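Sequence order for the protein chains is S and G. Here the first sequence is numbered in this note's numbering, starting from 1 and rising by one per residue. Here the second sequence is numbered in this note's numbering, starting from 1 and rising by one per residue.
Keep in mind that the hints were calculated from the coordinates and are not lab data. Every value quoted in this text rests on a predicted model; they were computed, and no experiment measured them. There's no promise every hint is true.
Keeping only pairs whose Cα atoms sit at most 25 Å apart, straight-line, the calculated BS3-like set for lysine-lysine is [stated by the list, open to error]:
| # | chain 1 | residue 1 | chain 2 | residue 2 |
| --- | --- | --- | --- | --- |
| 1 | S | 9 | S | 160 |
| 2 | S | 118 | S | 137 |
| 3 | G | 19 | S | 146 |
| 4 | G | 3 | S | 137 |
| 5 | S | 9 | S | 37 |
| 6 | G | 338 | S | 19 |
| 7 | G | 3 | G | 61 |
| 8 | S | 160 | S | 137 |
| 9 | G | 421 | S | 63 |
| 10 | G | 423 | S | 19 |
| 11 | G | 197 | S | 63 |
| 12 | G | 88 | G | 63 |
| 13 | S | 118 | G | 2 |
| 14 | G | 3 | S | 160 |
| 15 | G | 2 | S | 137 |
| 16 | S | 19 | G | 421 |
| 17 | G | 92 | G | 108 |
| 18 | S | 176 | S | 160 |
| 19 | S | 242 | S | 229 |
| 20 | G | 338 | S | 146 |
| 21 | G | 2 | S | 160 |
| 22 | S | 63 | G | 423 |
| 23 | S | 120 | G | 2 |
| 24 | G | 266 | S | 120 |
| 25 | G | 266 | S | 118 |
| 26 | G | 424 | S | 19 |
| 27 | G | 421 | S | 160 |
Sample of chain S residues with no beta-carbon within 10 Å of chain G, all distances over it, derived [as the list claims (entries may be wrong)]:
| # | residue |
| --- | --- |
| 28 | 115 |
| 29 | 137 |
| 30 | 185 |
| 31 | 245 |
To be clear about the criterion: a stretch of chain G counts as covered by chain S if any three or more of its residues have a C-beta under 8 Å from a C-beta of chain S, and this derived list gives those stretches [unchecked claim]:
| # | stretch |
| --- | --- |
| 32 | 251–265 |
| 33 | 384–395 |
By construction, the Cβ of each residue, glycine as well, lies at the ideal position given by its N, Cα and C atoms.
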Amino acid sequence: MNLESPIIKIVELSKFYGKSTIPSLDRVNLTINRGEKFGIFGPNGAGKTTLISILCNILTASKGTVEYTIEENKQNMHAILNMIGFVPQDFAFYPDLTAQQNLSYFGGIYGISADEVKSKSTHLLEILGLSSVAHQKVRSFSGGMKRRLNLAIGLIHSPKVLFLDEPTVGIDIHSKLTIMSLLEKLNKSGTTVIYTSHHLKEAEDFCSRVALIDNGKIIALGSIDELVKQNDTLNLEELMIKLTGKELRD
Amino acid sequence: MKKLRVSLLKEILLLLSDKVGLLLMFAMPLLLVFIITIVQDSAFKLVNEHKIQMLIVNKDKGKLGDTLIAKFVQSGNFEVEIDNAINKTAIKRETLKRDKQISILIPKDFSKRVDQNAEKISSLMLTEFGVLDSTEMLGNVSVSKNNKLDFYFDPILQENFRLSILSGVNTILMGMENRRMLQQLFADMGYDGIPIKIQKELSNQNVSINSIPASIGGSEMVPNSSQHNVPAWSLFAMFFMVISLGGNVVRERLSGSFIRLQTIPKAFLLTIWSKVIVFLTVALTQLAVLVCVGIFVFPHIGLPQLTIPTNILALIVISVLSAYAAISYSLLIGVYAKTQEQAGGFGAISIIIFAAIGGIWVPSFIMPEYMQNIGLISPLHWCIEGYYTLFLKNGTWNELTGTLIYLILFILVCQLFTFIKLKKQNYI
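Chain S with its partners taken away, still in its complex shape (with noise of 0.2 Å):
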């Protein structure tokens, strides 16, 4: 795998909501490269769910440009949806459907062959051991069952980019050990992962590279152990302190 041929060039990338003068991304430059494990970190309100958003055609910049690298080397935004897989922070399926009629829907809707959703469907619901409740509306799953439907809908259609806002928040050390595990082994098979996450000793184990953001800004960019090197910090939450502050941010 060349982890230095990059698939995402993102430059002078700005974001204003609305009429407001303050950007929620402030000239944001980053190369993300293909096959690498790549956090998103900052405190609340930073901007990572913003850059998040652009990245995945949820929110347009107001400034700069996002440029995905994909084998067929086509820029038209069918294409590069298609590559990508988002999985948000909040539960985006449909409660009154069974977690096999949800992963057979975003399957369909992407254009994948019904028996290839149906074996893809079944391999997702097996290791994430859902496969016992493929039947029952999601509206009677747990908070951890739930979070493990999000992922699998995000990857059933085999993205070659993995989008993930806060994949593990809210649930029990057992379903984000199950998720970690899945995010590893999608990571050998080739997919890039981006995630963004509060989970700070979590996110150390999982990426290979991480960008600090505050104010907007990136404010460090590296591999976590250069980062913790440089700024003569432990670890990851100390790194984060140092250059954030400890002010409550909302």
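Chain S is fixed; fit chain G onto it per the hints.
Structure of chain G alone, referenced to chain S:
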């Protein structure tokens, strides 16, 4: 096509899981159309077919009181109970106690006064014809206005129903007075009574009135409670889908499904169109169910059968446009509402107001002019106008032009505002 099929399947599954929404969309209009049609039909039958319960207290010392009672019985409109023992002060109480709709007190000098009036009118006529000299006229030339019947009624009777009964009583009374006056006229001219030949002619004298609906193109449709209620409540049901469809859109928006759909190529518009197709099918199914009930079920429960307009193509066009207008309005509410409760509450209240001002519950023409003008903004007004043009007047495309233009404009405006909101939120 495969994506559309998957999306349609998802919408159908979501619809089937919304039991309350389905109940509102199918059971509610069925109940409404049954109840309202039965009630309206009963009111019609009460006036036209049922006998009115009447109590008569006859204090008349002559024969005309009995004659009048006989006329009431002969008319077939009244179920007469006679009790001459009741006095004037007790008659109100007895009317209610005996569950009578009306009571009539015939005064003791009723015959005498009718006879006096007949004699006076006869004298006046004979004087006018030159048969009698004015000096030969009997008594006072003026006709007495003091001959009065007391008419008592149950206070729960509605004004229009009471006036309708009163009109029937007046007709009978007038007929009797005229006959008595003719008898007197013939008597004054030396006859023993009205000659039989003339009596026969008099009994045939009634001019019969043909009641013909002012429909176009020689329609056989007869306006009745079914022709009014089936289209009206079908439209109400169509627009009431705002609760189900509006809520469905808000739920998807708030659940985050819409956000995920933004990250899938062409998925968002496909989802919106799937909703339109599924709910259009639901709306037309609602109409079909209610029309089938009107045609096949109503006659079995004594209600008038619904007659389908001859211009089937126009019926289909108006139905599809009405359903599409309802869907466009529901989507608009769905994208602007912040919560499901807001969509359901605002949606339901707005439809009830649209129905009220649009003439679904009571015809627009009986409203004050300013309300009729306000009613023009209601899409339900234009939809029902279109249906009435077809179901009651058997109208042509020309008569439907206004309805078609308004509905198309309403759909375009709703979709424009929906598009603006979705565009602003970067969904499309």
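To see whether the hints hold, each was checked on the structure:
no., hint, in the structure
1, S:9 / S:160, "holds, 15 Å"
2, S:118 / S:137, "holds, 18 Å"
3, G:19 / S:146, "holds, 23 Å"
4, G:3 / S:137, "holds, 22 Å"
5, S:9 / S:37, "holds, 15 Å"
6, G:338 / S:19, "holds, 21 Å"
7, G:3 / G:61, "violated, 91 Å"
8, S:160 / S:137, "violated, 29 Å"
9, G:421 / S:63, "holds, 22 Å"
10, G:423 / S:19, "holds, 17 Å"
11, G:197 / S:63, "violated, 105 Å"
12, G:88 / G:63, "holds, 20 Å"
13, S:118 / G:2, "holds, 15 Å"
14, G:3 / S:160, "holds, 21 Å"
15, G:2 / S:137, "holds, 24 Å"
16, S:19 / G:421, "holds, 17 Å"
17, G:92 / G:108, "holds, 18 Å"
18, S:176 / S:160, "holds, 22 Å"
19, S:242 / S:229, "holds, 13 Å"
20, G:338 / S:146, "holds, 24 Å"
21, G:2 / S:160, "holds, 23 Å"
22, S:63 / G:423, "holds, 18 Å"
23, S:120 / G:2, "holds, 18 Å"
24, G:266 / S:120, "holds, 22 Å"
25, G:266 / S:118, "holds, 22 Å"
26, G:424 / S:19, "holds, 13 Å"
27, G:421 / S:160, "violated, 32 Å"
28, 115, "holds, 12 Å"
29, 137, "violated, 8 Å"
30, 185, "holds, 22 Å"
31, 245, "holds, 31 Å"
32, 251–265, "holds (count 11)"
33, 384–395, "violated (count 0)"
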